[in-house]
Amino acid sequence: MLTVPYVTGYLTEHFGDDAFRTLDGYLARGGYEAARKALTSMSPEQVTEMVKDAGLQGRGGAGFSAGLKWSFMPKDSDKPKYLVCNADESEPGSFKDRILMERGPHQMLEGILIAAWATGAEKTFVYVRGEYAYPAHCVQQAIDEATERGFFGSNVMGTGFRHEVVLMRGAGAYICGEETGLLESLEGRKGQPRKKPPFPAQYGAFGMPTTVNNVETFSHVPHIVGKGVEWFRGFGTEKSPGTTVFGVSGHVVRPGLYELPLGTPLAELVHEHAGGVPGGRKVKGVIPGGMSMPILPGSMLDVPMANEFLRERQTMLGTGGVMVMDETTCMVRVGCVISFFFRDESCGQCTQCREGTGWMHRILQRIERGAGEEGDLAVLLDVAGKMEGQTICAFADAAAWPVQGLLRHFRDDFEAHVRHGKCPFPESFEL
Amino acid sequence: MVSEPTAGAPELPVSAETRARIDAEIAKYPARRGALLPALHWVQAELGCISAETARAVADYLRIRPIEVMEVVSFYNMFYDRPQGRHHVYVCTNLPCSLRGARTLMKQLEARLGIESGETTPDGRITLGHEECLGACAYAPMMRVDETYHEDLDLEKAMAVLEELE
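Respectively, the protein sequence lines represent chains W and P. Residue numbers for the first sequence follow the numbering used here, beginning at 1 and rising by one. Residue numbers for the second sequence follow the numbering used here, beginning at 1 and rising by one.
Hints were generated in silico from the structure; no laboratory data involved. One or more hints might be untrue.
Selected chain W positions facing chain P (in silico; Cβ < 10 angstroms) [stated by the list, open to error]:
{"#": "1", "residue": "Asp-97"}
{"#": "2", "residue": "Arg-129"}
{"#": "3", "residue": "Met-168"}
Dumping the calculated BS3-like pairs for lysine-lysine here, alpha-carbon to alpha-carbon at most 30 angstroms [claimed, not checked]:
{"#": "4", "chain 1": "W", "residue 1": "Lys-75", "chain 2": "W", "residue 2": "Lys-239"}
{"#": "5", "chain 1": "W", "residue 1": "Lys-81", "chain 2": "W", "residue 2": "Lys-37"}
{"#": "6", "chain 1": "W", "residue 1": "Lys-422", "chain 2": "W", "residue 2": "Lys-386"}
{"#": "7", "chain 1": "W", "residue 1": "Lys-81", "chain 2": "W", "residue 2": "Lys-196"}
{"#": "8", "chain 1": "W", "residue 1": "Lys-79", "chain 2": "W", "residue 2": "Lys-37"}
{"#": "9", "chain 1": "W", "residue 1": "Lys-190", "chain 2": "W", "residue 2": "Lys-386"}
{"#": "10", "chain 1": "P", "residue 1": "Lys-28", "chain 2": "W", "residue 2": "Lys-37"}
{"#": "11", "chain 1": "W", "residue 1": "Lys-282", "chain 2": "P", "residue 2": "Lys-107"}
{"#": "12", "chain 1": "W", "residue 1": "Lys-81", "chain 2": "W", "residue 2": "Lys-190"}
{"#": "13", "chain 1": "P", "residue 1": "Lys-28", "chain 2": "W", "residue 2": "Lys-75"}
{"#": "14", "chain 1": "P", "residue 1": "Lys-28", "chain 2": "W", "residue 2": "Lys-195"}
{"#": "15", "chain 1": "W", "residue 1": "Lys-386", "chain 2": "W", "residue 2": "Lys-195"}
{"#": "16", "chain 1": "W", "residue 1": "Lys-190", "chain 2": "W", "residue 2": "Lys-79"}
{"#": "17", "chain 1": "W", "residue 1": "Lys-52", "chain 2": "W", "residue 2": "Lys-37"}
{"#": "18", "chain 1": "W", "residue 1": "Lys-239", "chain 2": "W", "residue 2": "Lys-196"}
{"#": "19", "chain 1": "W", "residue 1": "Lys-195", "chain 2": "W", "residue 2": "Lys-52"}
{"#": "20", "chain 1": "P", "residue 1": "Lys-107", "chain 2": "P", "residue 2": "Lys-157"}
{"#": "21", "chain 1": "W", "residue 1": "Lys-75", "chain 2": "W", "residue 2": "Lys-227"}
{"#": "22", "chain 1": "W", "residue 1": "Lys-52", "chain 2": "W", "residue 2": "Lys-81"}
{"#": "23", "chain 1": "W", "residue 1": "Lys-190", "chain 2": "P", "residue 2": "Lys-28"}
{"#": "24", "chain 1": "W", "residue 1": "Lys-227", "chain 2": "W", "residue 2": "Lys-81"}
{"#": "25", "chain 1": "W", "residue 1": "Lys-422", "chain 2": "P", "residue 2": "Lys-107"}
{"#": "26", "chain 1": "P", "residue 1": "Lys-28", "chain 2": "W", "residue 2": "Lys-81"}
{"#": "27", "chain 1": "W", "residue 1": "Lys-79", "chain 2": "P", "residue 2": "Lys-28"}
{"#": "28", "chain 1": "P", "residue 1": "Lys-28", "chain 2": "W", "residue 2": "Lys-196"}
Okay, the calculated beta carbon distance ranges per label pair [stated by the list, open to error]:
{"#": "29", "chain 1": "P", "residue 1": "Ala-111", "chain 2": "W", "residue 2": "Gly-348", "range": "32 to 38 angstroms"}
{"#": "30", "chain 1": "P", "residue 1": "Gln-108", "chain 2": "W", "residue 2": "Tyr-134", "range": "23 to 29 angstroms"}
{"#": "31", "chain 1": "P", "residue 1": "Gln-84", "chain 2": "W", "residue 2": "Gly-279", "range": "37 to 43 angstroms"}
{"#": "32", "chain 1": "P", "residue 1": "Ala-27", "chain 2": "W", "residue 2": "Asp-382", "range": "48 to 54 angstroms"}
Heads up, the beta-carbon is just placed ideally off N, CA and C, and yes, glycines get one too.
Input sequences plus hints: build the corresponding full structure.
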């Protein structure tokens with residue numbers, strides 16, 4: 001059973017039902033019918049066009065069009081082509097992929113199979129973060145069962161199509177969620193991201209054309225192919241169709257998973273679904289999409305949760321991991337936790353990131369201790385600005401943005417620490 | 001230059017069963033080195049850590065250089081280059097857990113176990129550490145004990161789990 005509060009949509013509808021995790025249970029609810037439709041009645045191009053028309057945005061953080069990504073795969077290459085399912089979910093505040101793997105592994109695998117047909121891939125590597133022992137077990141069991149029954153292997157559903165799925169477990173490194181860091185890890189190396197171009201569609205896993213999609217992205221695909229573009233576009237906004245699985249955590253009455261249409265107001269998510277802040281306290285700030293995304297102040301909760309609206313407020317949907325902080329929260333401590341994480345996880349290959357994350361953490365710690373100086377905030381913003389857009393991958397941006405966001409909306413917290421030489425929030429969470 | 005394998009199968013200091021598992025992993029990847037992370041997981045499961053000597057043996061087996069194994073061991077948090085306690089206890093101290101008291105719990109556990117984060121109890125039973133977000137944000141605070149998650153914790157619940165460890 002799913003033990004946290006949740007609201008269901010088409011992805012999570014059957015997640016309360018243990019049978020849905022088995023092949024028979026999945027088949028009984030129409031499972032693998034969309035894959036059968038794709039493989040027996042649609043060309044790969046038609047499938048790709050359909051997913052493109054549906055406007056499915058990648059749900060791993062960047063929000064790039066999944067169909068467009070598939071269309072970058074070469075059509076005339078004689079090299080083997082691969083898919084990678086990015087199940088390295090490590091973005092703080094995100095836990096949806098874990099539940100999608102534990103409760104609906106066949107839904108994800110069916111999406112993989114359809115994507116394999118669309119891109120002509122012969123093999124998929126599912127890269128699961130090392131700490132996710134149980135989700136990995138659930139997915140491996142589903143792979144074994146589906147392969148044994150002919151949904152994968154050398155003759156998929158009797159069509160002659162060949163596709164194999166291999167699960168690999170990572171070993172504890174946030175950067176392996178970056179798609180080229182992941183590819184390096186898959187090849188048995190440190191997860192240090194690659195320079196792009198070449199992009200993975202040209203030179204991916206083991207040098208072969210590769211498409212990388214997130215667990216949730218794959219999980220949407222059977223629904224699009226099975227029920228159609230118009231149906232899918234019936235959820236969400238024009239620019240951001242479909243639902244997503246929001247994970248709400250922090251200072252709320254009901255932390256949990258809420259599958260809701262994109263464009264749902266943040267206030268509805270926080271107050272109605274998650275029950276608001278305990279004890280009648282006010283919301284001070286909300287990180288809307290995993291820790292890399294800049295924070296929003298409590299006054300901006302009217303924002304619809306879709307990128308076109310979040311961007312206007314200088315943040316993004318990211319992974320949909322929503323972290324709520326009440327009015328007792330010290331935002332300097334929040335900054336310390338965030339900057340320690342990025343300092344700890346920087347892969348170290350770019351100077352701006354390796355050094356910048358350390359600088360930011362040290363300055364924030366100093367301010368938190370009450371030893372901050374007049375010019376510290378300017379230095380902090382200067383360091384963040386010099387990290388942004390200067391490195392091989394987006395990790396440095398992800399480290400800089402939250403600090404910039406905290407200073408944009410909660411500068412008073414920082415200035416008060418410097419001015420008074422101590423933390424003015426005695427009830428804040430312990431550091 | 002990567003040296004060619006020497007004649008005969010290189011020796012891996014593991015059981016036949018573990019070696020068979022590693023061979024099965026190698027078969028899944030287009031290049032032998034693709035099996036490095038899975039191989040290290042299996043080797044570590046048997047030996048407890050990956051010493052420099054073990055790393056050299058794994059390198060030989062996968063036909064890569066020892067440094068390529070050692071840098072992977074040092075890069076990833078879940079590989080250890082020296083012996084550890086019999087059980088790993090990791091408390092998630094990232095933001096969603098911290099907001100719900102994870103760092104307070106960590107300090108209480110340190111006091112109860114008489115060790116600091118990063119240390120092992122004198123009887124070799126528990127290595128305690130903090131970990132970054134483990135994807136259990138709605139179940140905070142939480143800890144990972146070896147491969148198992150324990151969620152919605154307070155000190156008493158956490159101690160009850162630890163007392164069961166051999």
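Checked hints:
1. Residue-level restraint check for Asp-97(W) holds (minimum Cβ-Cβ distance to chain P is 8 angstroms; threshold 10 angstroms).
2. The criterion of a C-beta within 10 angstroms of any C-beta in chain P is met by Arg-129(W), whose closest approach is roughly 8 angstroms, and the hint holds.
3. Because the closest C-beta pair between Met-168(W) and chain P is about 6 angstroms apart, less than 10 angstroms, the hint holds.
4. The straight-line distance between the Cα atoms of Lys-75(W) and Lys-239(W) is roughly 28 angstroms, inside the 30 angstroms bound, and the hint therefore holds.
5. Restraint check for Lys-81(W) and Lys-37(W): satisfied, since their Cα atoms lie roughly 22 angstroms apart, inside the 30 angstroms limit.
6. Distance hint between Lys-422(W) and Lys-386(W) is fulfilled; the C-alpha atoms sit about 29 angstroms from each other, no more than 30 angstroms.
7. With a C-alpha separation of about 19 angstroms, the suggested pairing of Lys-81(W) with Lys-196(W) holds against the 30 angstroms cut-off.
8. At roughly 27 angstroms between alpha-carbon atoms, Lys-79(W) and Lys-37(W) fall within 30 angstroms of each other, so this suggested pair holds.
9. Restraint check for Lys-190(W) and Lys-386(W): the C-alpha separation of about 25 angstroms stays at or below 30 angstroms, so the hint holds.
10. Between Lys-28(P) and Lys-37(W), the direct Cα distance comes to roughly 29 angstroms. Compliance with the 30 angstroms bound is thereby established for this hinted pair.
11. With a CA separation close to 28 angstroms, the supplied pair Lys-282(W) and Lys-107(P) stays within the 30 angstroms bound.
12. Distance check on the hinted pair: Lys-81(W) and Lys-190(W) sit about 23 angstroms apart at the alpha-carbon level, within 30 angstroms; holds.
13. For a cut-off of 30 angstroms, the pair hint linking Lys-28(P) to Lys-75(W) stands: about 25 angstroms separates their Cα positions.
14. Restraint check: the Cα-Cα separation between Lys-28(P) and Lys-195(W) comes to about 27 angstroms, which is no more than 30 angstroms; the hinted pair holds.
15. Between Lys-386(W) and Lys-195(W) the alpha-carbon distance is near 19 angstroms, which keeps this suggested pair within the 30 angstroms criterion.
16. The suggested pairing of Lys-190(W) with Lys-79(W) holds, with an alpha-carbon distance near 25 angstroms, which does not exceed 30 angstroms.
17. The straight-line distance between the Cα atoms of Lys-52(W) and Lys-37(W) is roughly 17 angstroms, inside the 30 angstroms bound, and the hint therefore holds.
18. At roughly 27 angstroms between alpha-carbon atoms, Lys-239(W) and Lys-196(W) fall within 30 angstroms of each other, so this suggested pair holds.
19. Restraint check for Lys-195(W) and Lys-52(W): the C-alpha separation of about 26 angstroms stays at or below 30 angstroms, so the hint holds.
20. For a cut-off of 30 angstroms, the pair hint linking Lys-107(P) to Lys-157(P) stands: about 15 angstroms separates their Cα positions.
21. With a C-alpha separation of about 27 angstroms, the suggested pairing of Lys-75(W) with Lys-227(W) holds against the 30 angstroms cut-off.
22. A hinted pair counts as satisfied when its Cα atoms are at most 30 angstroms apart, and Lys-52(W) with Lys-81(W) qualifies at roughly 20 angstroms.
23. For the hint pairing Lys-190(W) with Lys-28(P), the CA-to-CA distance comes to about 20 angstroms; that is within 30 angstroms, so the pair holds.
24. As the CA atoms of Lys-227(W) and Lys-81(W) are separated by approximately 28 angstroms, the hinted pair is consistent with the 30 angstroms bound.
25. About 22 angstroms separates the Cα atoms of Lys-422(W) and Lys-107(P), which keeps this hinted pair within 30 angstroms; it holds.
26. Taken as a hint, the Lys-28(P) and Lys-81(W) pair is honoured in the structure, with Cα atoms around 15 angstroms apart against an allowance of 30 angstroms.
27. A threshold of 30 angstroms between alpha carbons decides the hint, and for Lys-79(W) with Lys-28(P) the separation of about 17 angstroms falls inside it, so the pair holds.
28. Only pairs whose Cα atoms come within 30 angstroms are accepted, and Lys-28(P) paired with Lys-196(W) is accepted, the gap being roughly 27 angstroms.
29. Between Ala-111(P) and Gly-348(W), the C-beta spacing of about 34 angstroms keeps the proposed range 32 to 38 angstroms intact.
30. Here the CB-CB span from Gln-108(P) to Tyr-134(W) is close to 26 angstroms, well matched to the stated 23 to 29 angstroms.
31. The hinted range of 37 to 43 angstroms is satisfied by Gln-84(P) and Gly-279(W), whose Cβ atoms lie roughly 41 angstroms apart.
32. Taking 48 to 54 angstroms as the suggested C-beta distance range, the pair Ala-27(P) and Asp-382(W) conforms, at roughly 52 angstroms.
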